[in-house]
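Construct all of the structure, not just a fragment, from the sequences and the given hints.
These protein sequence lines are chains X and E, in that order.
Sequential numbering from 253 applies to the first sequence in the numbering used here.
Sequential numbering from 84 applies to the second sequence in the numbering used here.
Just so you know, the hints here were simulated from the structure itself, not pulled from any lab data.
Note that the coordinates shown come from a computational prediction; the quantities given were computed from them, not determined experimentally.
Fair warning: there could be bad hints in the mix.
Here are some, though not all, of the chain X residues that point toward chain E, as calculated from beta-carbon distances under 8 Å [said to hold, decoys possible]:
| # | residue |
| --- | --- |
| 1 | Ser321 |
| 2 | Tyr387 |
| 3 | Val388 |
| 4 | Phe392 |
| 5 | Ile395 |
| 6 | Trp402 |
| 7 | Leu414 |
| 8 | Val417 |
| 9 | Met421 |
| 10 | Leu425 |
| 11 | Ile426 |
| 12 | Leu428 |
Okay, the calculated beta carbon distance ranges per label pair [what the hints assert, rightly or not]:
| # | chain 1 | residue 1 | chain 2 | residue 2 | range |
| --- | --- | --- | --- | --- | --- |
| 13 | E | Arg446 | X | Pro357 | 16 to 26 Å |
| 14 | E | Arg445 | X | Gly459 | 48 to 58 Å |
| 15 | E | Phe108 | X | Leu280 | 49 to 59 Å |
| 16 | E | Ile368 | X | Pro274 | 41 to 51 Å |
| 17 | X | Met253 | E | Gly146 | 50 to 60 Å |
We put the beta carbon where it would ideally sit given N, CA and C, even for glycine.
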Amino acid sequence: MPWVSLLVIVPLVAAIVLALVPQHDRMLARTVALAGTGLTVAVSIVVLVLFDRGSGALQQIDHVDWITSLGISWDLGVDGISIWLVLLTTVLFTLGMIAACQHLPERGNMFLSLLLLSEVGLLGLFTSGDLVLFYVFWEFMLIPFAFLIWTWGGDNRRRAGLTFVVYTMVGSLIMLVAIISTALIARDHLGYATFLIRDIQGVPFSGTASTLLFAGFVLAFAIKLPLWPFHGWLPLAYGEAPIVVTALMAALMSKAGVYGLLRIGVPLFPDGANTLLIPIAILALIGIVYGSLLAWRARTMRLLVGYSSLAHLGFIVLGIMVFDQMAAQGAVLQMINHGVVVAAAFTIVMVLGRGTGTEDMGRLGGLAKGAPRLAVAFLIVTMAALALPGSNAFVGEFFILGGVFRQYAWMAVIAMAGVIYAAVYMLRMYQSTMNGPVKGVSDEGRATELRRGDAIVLVPLILIMFLIALWPRVFVDASAKATDRAIAPAQVVAGRPPIQIAPSATATQERP
Amino acid sequence: MNVVVGIPLYVMSAAALLAIVSGAFSLPGDLRRLPEWIGLLGVGISLLTLIAMWDRPQSGFEGEIRLTHMGLLMSGIILVATLATIALSWGEPAGAGRRGEYIGLILAAATGMMLTVTAGDLIVMFIGIELLSVSLYILCAIEVTREQSLESGLKYLITGAIGTATLIYGFALLYGMTGSTSLDVIGERLAHAGPLTSQPLLVAAMALVAVALGFKASAVPFHMWTPDVYQGAPTPVTTFMSTGTKAAAMGAFLLVFTGAAQGAIADWRVLIGAIAAASMVVGNIGALRQNSVKRMLAWSSVAQAGYLLMGVAVGTAFGAEALIYYLIAYLAMTLAAFAIVILREREVEDGDQLEAFTGYGRRRPWAGVVMTLAMLSLAGFPPLAGFIGKFMLFSAAIDSDMLWLAIVGALASAVSVVYYLRVSIVMWSPEPVRDVPERTLRVPRAVATVAVAGGVAIVALAIWAQPVIDLCRDAGASLLP
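Next up, the structure:
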């Protein structure tokens with residue numbers, strides 16, 4: 253069975269069916285949506301079971317020629333990096349769907365259908381082995397997200413959606429030009445037209461070409477992440493989107509940029525990546541500090557979590573760009589961690605916002621009194637978000653900081669500031685809403701208490717956090733081979749000591 | 084003398100004459116649609132002869148008419164556009180009472196377009212362009228009772244006359260330089276006459292021809308007429324102009340520049356590249372602030388001319404291949420978009436205004452889906468036909484060391500997303516309460532067919548792109564010796 257292709261096809265079919273469901277039949281819409289995402293989780297588990305952790309290359313490949321004369325093909329597969337992102341996507345979308353189904357907005361079947369379409373885009377993106385296909389899914393995911401903001405967003409939704417689309421489009425169209433240029437240069441070297449990443453990997457690009465192409469790709473990734481100073485769309489889009497959409501954007505869409513960097517940017521253009529190492533690392537560091545400061549000063553809980561995302565993604569980018577085995581593995585782990593934690597944090601914001609009618613922290617307080625169960629969950633999520641030792645995020649951040657320190661001690665020192673700030677802003681959010689005198693509610697916050705529906709979404713997320721905290725090696729080991737392989741060429745170029753470079757990774761880089 | 088080569092043209096001319104003559108008689112009720120049926124029949128037969136000739140490309144009349152793969156495919160595109168235009172005109176109020184004239188002129192214009200893209204000689208090409216232009220001047224103004232329509236026709240006529248003068252001047256200079264009007268001979272002279280290239284006279288000839296053909300394709304700098312004429316003309320005529328005329332103009336560009344003037348490529352490459360870049364930028368920025376969908380599509384058509392011209396600017400067979408594929412995709416997207424506009428125009432007053440489309444997708448979901456697909460494809464979103472076309476054009480540009488052109492195209496596309504998406508968003512917004520009563524609620528079947536066919540083609544052309552690209556490749560290859 254072409255399981256990986258099914259990952260994309262199942263939600264697509266479900267989305268089309270949903271669009272045809274009559275509007276008033278909300279029960280049927282819910283059933284189709286949950287069945288679609290649930291089935292996708294099942295498929296992703298099959299893919300995980302079939303996954304061979306001994307290989308760092310793309311595996312379980314489904315290859316069908318699409319436009320042969322241009323060298324474009326339908327080519328999907330998974331590797332150690334994408335397998336976890338695929339699983340994260342299918343699980344988070346199921347939870348998101350459960351949350352959305354409980355409070356279905358007007359024209360709910362279209363809402364759910366668009367959510368499923370964005371899942372198609374993300375899953376396709378994380379499994380593409382062909383650059384053009386990667387671009388196709390990259391753009392494919394933009395449209396449903398934009399429509400979700402436009403149709404169901406807050407008061408300022410028009411501007412938010414437009415800003416989001418224009419920012420992203422500028423980046424992605426430049427990336428399209430870079431993709432075509434890459435393939436044309438590779439064609440001269442290989443003798444045939446191809447967009448397959450595994451074929452292009454190892455093509456030696458000249459120094460300038462490598463730098464320019466890397467820059468072309470990274471611009472698109474940096475906007476999607478977002479990396480400072482390309483984050484202009486973030487407060488608007490995160491602030492105006494329906495909260496389920498914000499959560500999915502922060503948890504998963506941001507990973508598309510990181511994934512592109514690790515899967516395409518660094519392995520294909522090691523020279524260019526090495527040239528731009530310091531500039532990008534500096535942007536990431538600024539993002540860490542700046543995002544933390546913005547989160548500290550944020551007025552609403554939603555923006556606080558959104559800005560903290562900016563800081564956390566800075567960490568992940570730093571982990572990839574220093575070309576260190578440990579840091580890169582930490583970055584991959586942190587991608588998963590951040591996805592889970594940010595989704596949980598937004599769930600709590602959603603519960604609070606719904607119970608109190610506001611997301612403004614200044615107007616709330618003392619809710620723990622009426623909502624003790626929520627307070628416990630909130631505390632756990634807060635601890636994970638500030639990477640308390642013992643939490644899942646601690647492992648990831650520790651790996652990243654350790655690796656960064658090994659290469660560039662000064663960067664690690666600056667990045668440490670982000671860890672400290674995280675404690676400040678996350679605890680501020682917890683304290684100002686949960687502790688102190690009761691504010692903003694008449695019933696001591698009983699309306700915000702976790703109900704069963706919310707628990708169904710939140711508890712699995714917390715369980716996953718514990719799972720990663722207890723057995724991080726399970727996750728790191730499965731992806732280590734792919735991660736090593738992705739950064740090995742850049743490590744060689746950057747002149748890292750051979751002992752730091754995984755021997756198996758360099759061996760597989762050589763072409764017969 | 085090979086007379087077979089003219090069959091598709093004879094059929095079309097005969098159909099045009101018959102349609103006009105049939106309009107002269109007052110037909111009884113059940114024969115009311117006779118001109119339309121004559122038109123459909125003529126186009127159908129002509130299309131069949133083209134398909135039959137695909138395996139036997141040939142030329143006739145001492146090489147003045149050439150049905151190469153390029154000529155055959157471009158004629159096919161024009162005939163499909165004609166077919167769709169006749170379908171879109173079904174029950175169109177514009178030509179009421181003068182159906183014969185209306186259909187006859189569309190067929191005559193189509194004949195002119197076909198003559199343009201199959202021409203082997205500058206004179207024949209000029210006659211083709213004139214035939215299509217004169218027919219369209221009248222068609223634009225066919226709603227004699229509506230002021231806007233008259234204005235549209237007059238504007239097109241006056242600016243068109245300047246375009247014609249420029250074109251004939253350019254052709255005359257080209258003739259003066261090479262001593263022949265035959266495209267083949269011109270090609271040979273330019274290829275083997277080193278001293279001819281880079282002469283000011285040749286550069287001037289190329290510039291005049293480029294600007295004049297750009298006028299027909301509504302490329303910058305002769306694009307100013309486009310928004311007014313497109314908005315004023317009856318919408319089916321607008322559709323025909325933005326598909327058929329554009330195809331004819333692009334065919335002429337390919338024949339004259341990529342084909343005949345291949346030897347002097349250094350003299351015109353940057354020139355056409357600059358026209359393309361300017362059209363993309365000006366068209367997309369102009370479209371940003373339009374409230375009439377017809378006007379917006381007019382500006383977008385200026386931008387689309389820019390994308391298409393990238394395929395000419397590179398001057399390679401691959402460029403021609405990309406251009407022709409994009410032309411086919413553009414045909415599907417434009418027909419789908421205009422069909423929905425026509426649908427709306429029949430229902431409400433000022434149906435071309437953006438507000439008229441508010442919530443339209445909620446009322447008629449199929450129309451909403453078609454319009455959304457058309458807009459997304461025009462904006463170049465994957466995996467639709469417009470994306471594949473742009474992808475090929477960008478590839479052609481980068482492959483020929485015109486990276487700058489691809490980057491301008493990419494940035495201009497990013498701008499275009501704003502106005503294309505605006506339409507699709509408006510389509511799905513909540514429906515306002517309208518105090519104006521709607522005219523008809525029955526969807527004209529012919530218009531709906533064109534819309535749906537266009538929507539399906541937008542997706543199908545992308546999924547099964549390879550067979551279509553193979554056709555385009557043959558056509559592109561037949562341009563160069």
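For each hint, the structure was consulted:
Evaluation of the X/Ser321 hint against chain E yields a held restraint, the C-beta minimum of about 6 Å falling below 8 Å. Given the 8 Å rule on beta carbons, the hint for X/Tyr387 holds: about 7 Å separates it from the nearest Cβ of chain E. For the restraint placing X/Val388 at the interface with chain E, the shortest Cβ-Cβ distance is roughly 4 Å, inside the 8 Å limit, so the hint holds. Interface restraint check: X/Phe392 against chain E, minimum CB-CB distance 7 Å, threshold 8 Å, status holds.
With a cut of 8 Å, the hint placing X/Ile395 at the interface with chain E holds, because the nearest CB-to-CB distance is about 6 Å. Taking 8 Å as the C-beta cut-off, the interface hint given for X/Trp402 holds, the closest approach to chain E being about 5 Å. The restraint placing X/Leu414 at the interface with chain E holds, with a minimum CB-CB distance near 6 Å, inside the 8 Å limit. Annotation: X/Val417 was flagged as interfacial toward chain E, and the flag holds, the nearest CB pair being 6 Å apart, inside 8 Å.
A distance limit of 8 Å between C-beta atoms decides the matter here; for X/Met421 the minimum to chain E is near 4 Å, and the interface restraint holds. The beta carbon of X/Leu425 comes within 4 Å of a beta carbon in chain E, closer than 8 Å, and the hint placing it at the interface holds. With a least beta-carbon distance of about 6 Å to chain E, the hint placing X/Ile426 at the interface is held under the 8 Å criterion. With a cut of 8 Å, the hint placing X/Leu428 at the interface with chain E holds, because the nearest CB-to-CB distance is about 6 Å.
Restraint check, E/Arg446 to X/Pro357: a C-beta distance of roughly 20 Å satisfies the suggested window 16 to 26 Å. Taken as a hint, the range 48 to 58 Å holds for the pair E/Arg445 and X/Gly459, whose Cβ atoms sit roughly 55 Å apart. Between E/Phe108 and X/Leu280, the C-beta spacing of about 58 Å keeps the proposed range 49 to 59 Å intact. Restraint check, E/Ile368 to X/Pro274: a C-beta distance of roughly 42 Å satisfies the suggested window 41 to 51 Å.
At about 58 Å, the CB distance of X/Met253 to E/Gly146 agrees with the hint of 50 to 60 Å.
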